[in-house]
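2 protein chains.
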Amino acid sequence: MYRTHTCGELRADHVGEEVTLAGWVQKIRDFGAMSFVDLRDRYGITQLVTNENTSAKVTETLQQLGREFVIQATGTVRERSSKNKNIATGEIEIELSGLKILSPSAVPPFTIQDDTDGGDDLRMKYRYLDLRRNAVRKNLELRAQVAHSVRNFLTENGFIETETPVLIKSTPEGARDFVVPSRMNPGEFYALPQSPQIFKQLLMVAGFDKYFQIVKCFRDEDLRADRQPEFTQIDCEMSFVEQEDVLNTFEKLAKYTFKNVLDVDLDDFPRMPYSTAMEKYGSDKPDIRFEMLLHDITTTVQNKGFSIFDSAEYVGAIAAKGCAEYSRKQIDELTNWVKRPQIGAKGLVYVKYNEDGSFKSSVDKFYSADDLKGWAEQLNANPGDLILVLSGDKAHTVTALGELRLEMGNRLELRKKGTFKPLWVIDFPLLEWNEESKRFFAMHHPFTSPNPEDIVLLDSDPGKVRANAYDLVINGVEIGGGSVRIFNSELQAKMFDILGFTPEQAMAQFGFLMNAFKYGAPPHAGIAFGFDRLVSMFAGLDSIRDVIAFPKNNAGRDVMNDSPAPIANEQLDELFLQLKKLD
Amino acid sequence: MYRTHTCGELRADHVGEEVTLAGWVQKIRDFGAMSFVDLRDRYGITQLVTNENTSAKVTETLQQLGREFVIQATGTVRERSSKNKNIATGEIEIELSGLKILSPSAVPPFTIQDDTDGGDDLRMKYRYLDLRRNAVRKNLELRAQVAHSVRNFLTENGFIETETPVLIKSTPEGARDFVVPSRMNPGEFYALPQSPQIFKQLLMVAGFDKYFQIVKCFRDEDLRADRQPEFTQIDCEMSFVEQEDVLNTFEKLAKYTFKNVLDVDLDDFPRMPYSTAMEKYGSDKPDIRFEMLLHDITTTVQNKGFSIFDSAEYVGAIAAKGCAEYSRKQIDELTNWVKRPQIGAKGLVYVKYNEDGSFKSSVDKFYSADDLKGWAEQLNANPGDLILVLSGDKAHTVTALGELRLEMGNRLELRKKGTFKPLWVIDFPLLEWNEESKRFFAMHHPFTSPNPEDIVLLDSDPGKVRANAYDLVINGVEIGGGSVRIFNSELQAKMFDILGFTPEQAMAQFGFLMNAFKYGAPPHAGIAFGFDRLVSMFAGLDSIRDVIAFPKNNAGRDVMNDSPAPIANEQLDELFLQLKKLD
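Which chain is which? The protein sequence lines are A and B, in order.
So the first sequence is numbered by this note's numbering: it starts at 1 and just counts up by one.
So the second sequence is numbered by this note's numbering: it starts at 584 and just counts up by one.
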């Protein structure tokens, strides 16, 4: 037996006991006659001591120790003279009678501490050492805890966790698939699933009634800062339900998990139509931890001689509390900020509503104090506030103003971590027009049911049709999304037609789903949650990379094991493949 | 709301209530004035009735129904005149007041009943209909239940469920990898994991202490009857443990799960060295539900003038209880059975130990009754038993005799389903010599620790070295296997050397693991269970295919969605690949 206790377990109760611990050397302090070693494992840190009574053998072994050596230590638990209240084992220490080096360690490339001196790249290369740091490992423990909590809730509520295949059929809709050449079927390929969408719908046709799975999904997209080629989804589907049933069920799941893992009680989730979210927050995933709503002041500001506003499709404004005293420099900063290509505004108009009730704006030439007072009233602004105005075409300007709102929220520290404000965004448009390819794309996916009231518009004005789709948004982050599904093969065929599939293409790609619908498909609906994102929200982190044990970098590489990598020519031969020459 | 209750929920208590159910039409019986519809969902079957008071509208809708139509039915719960004790809702029926067809159904290609008329191929093509059958869906429900039980035990015992990557680096040791071309890294490939072996060892280096994961693994092998290209593993690893700790922990897990899911109490698991398993059972996965042990009678039978035995390296025998009365035809059958290429014996010698104490054998010419009595004594055979003898080189003959033992166990119905006899097989050889490639292969994998007592043999006689490896065997099926790992980089380097890797090859393939070991690796050990096989054992099934929602056939194809499939040339171009011409 390597140990009698873990390094986080011993308390004053154990004083006098002979124990054996094993773990990593966190720190050594050598004061000649006395030495102290902090021994660390997943469960905590325990202090080992030697003194003038310690055997020469132990003392000699101790001389050889370095940081991160793995050792086994035997000794007697005794009370510490000066307690350490920062650690759970701080009342005791172990007076060493035996010491064995299990594994030596080279000097690690960075310090294994909460505040490490290692840069990002180094820590990714030595991920196994980075994971030794408490702060990092805790995120992964939290991840396991969230998953377990979700599983408990769903299992207790009758959902059957069902594994769906990883080697599936490639479908052209959506993002790019990763593919897997089949040796046994030369020239043919599997795809890795972007989601188990079709399989979970087939499980509903199969009468499973309630399905879930915590499952890896794959997208071969150019990676952005917070994307991973493989990611994890909590994937759910239910039969004989309407949108209302789904929202209720998963609102309960979210409340249960927040309570269970973080001991946070969430209020009932408000519901907001997509159109309101865009108009009031300039985003389909509004952060409602703070107000600072967008106001459409187009009609208020036009026809006063300011040509930029007069020619704009939309003029919108927000009022930032207490920012009327912003300096010239701060305003310039904001102006540059909105002009960045990511935001894309042409310029920024400001109105300072001074504490004394006077106004100072960048458009004083065109608008009187009374005019500006009118704007302030429309925005419910108060003396001391700074009104910020953007103008231009409506779609882009609303979004830019939404981004500016978030930026001001950051500056005013209104987006507090540890405060969780979930809501359901509902009534999404069913279709999005793509100007480039001159066709509609499904905003969620081609299986999303139109709102029954809007089905009449499918032929006349498809862009106006609302979907029975919903997103769960928390603190401005889309945590999950789903929809009521089409369960009628004719309506599904019509959708494929609108999306530009020929009947033959639709049949080739989704034939097995449409065939399945011919044998009695129940009404069904579902949702999928981004598990990595959910966990990073629980952990108060901004990146999903920190809640993934072995993440890949932005080029899709694992720098620790240097993959992907070339494979042997024999492997390629077996797969009936050859590499193209790179020009 | 689509339903107030499920089809398995209503009891005599509900009589008089107005309810709405939804589900599939299982059966319709039309008796003119009265009609009965069995309505089915995942939860059960409820009988709907119409009578002379039923509205014309309902009656008309009812006329349109066919098998597997999805309907919504409203009515009043009333007591049945003749109760059906076979179903949980058998005390009541629903007198219909409303009936709506939610989805019609074409006539299904086979009957949706426990005893279906559908053949294998048809049921795989329409897997979503096959899954509607109670018997099939129950297997998947059981699967979810086993997984949940395993997760509860491991989580309660401090194991952190940690996801490891699916897109990893290809390693040449072991079976063939599936590979995934990387678009962002032209000419390079990911591999899909055959197991998360290296990652779980890295998690031990990272101090995770106890890890588990229920995880998909992949092997591109030619498929045999009960193999799938993707399969699921319960993968576990622990630090600061010896073999004894691992066996104890996972014996508890197995007992917990059998108790929890099947309400079966398992006895303590015996432990059997590999050498005993081979000698006594002719198998490294002995079925110990019955005795009929193998006996080495080589020295007993030699030098009596029977040249076949005299020239054999090994002569072994089993005694089949009560089979002395086997007919000539039955003996011939057995002889042909052992001569099949899968068994490969040259012939079969039998000795009938008749009820009257006399002997009749196929070698009476060479052996006296006293000789045969000596054999019987060695085998503890009794009058009425049939002694079966195989001879030849030891390795093959022992295995063939082990197969014959199982066959006799089947014939004598000694291998009862519902009886579970687990054991640990231990002390496996570390290495297997491969005559073809003239090198040693790791019997488990290259990270398995040799038994410390045998390390001295590593240079002098590697084939004799026992491994610190163990298999969990239940009823003759290998359910899990694992080992204590090497945690010392020099010993690991030596193993790679013995396995024929050059230091450069070892470094290129496993460098990141060997590097990790330089920074303080803890002693660690682990195990992996074949989850599909475990569930099929729980379900009393012989094939893992029946416990997989969407399995592939023996050519690795999903016949439901016809994958794998060709992909577009543009996709190949993006991946810098082209297909080779097939000759």
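Hints in this document: simulated from the structure, not taken from any laboratory.
Treat the hints with care, as some may be off.
Heads up, incomplete: computed chain A residues facing chain B, CB under 8 Å, no partners named [as the list claims (entries may be wrong)]:
1. Leu140
2. Gly207
3. Ala506
For glycine and all other residues, C-beta sits at the position ideal for the given N, C-alpha and C.
Hinted contact Gly207(A) with chain B - closest CB pair below 8 Å = Holds - the Cβ of Gly207(A) comes within 8 Å of chain B, reaching about 5 Å at its closest.
Hint check, Ala506(A) versus chain B [nearest Cβ-Cβ separation less than 8 Å] = Where the cut-off is 8 Å and the nearest Cβ of chain B is about 14 Å from Ala506(A), the hint is violated.
Grab the minimum C-beta distance from Leu140(A) to chain B and call the hint holds if it beats 8 Å, violated otherwise.
-> Holds, about 6 Å.
Consistency note: the structure conflicts with earlier hint 3 alone.
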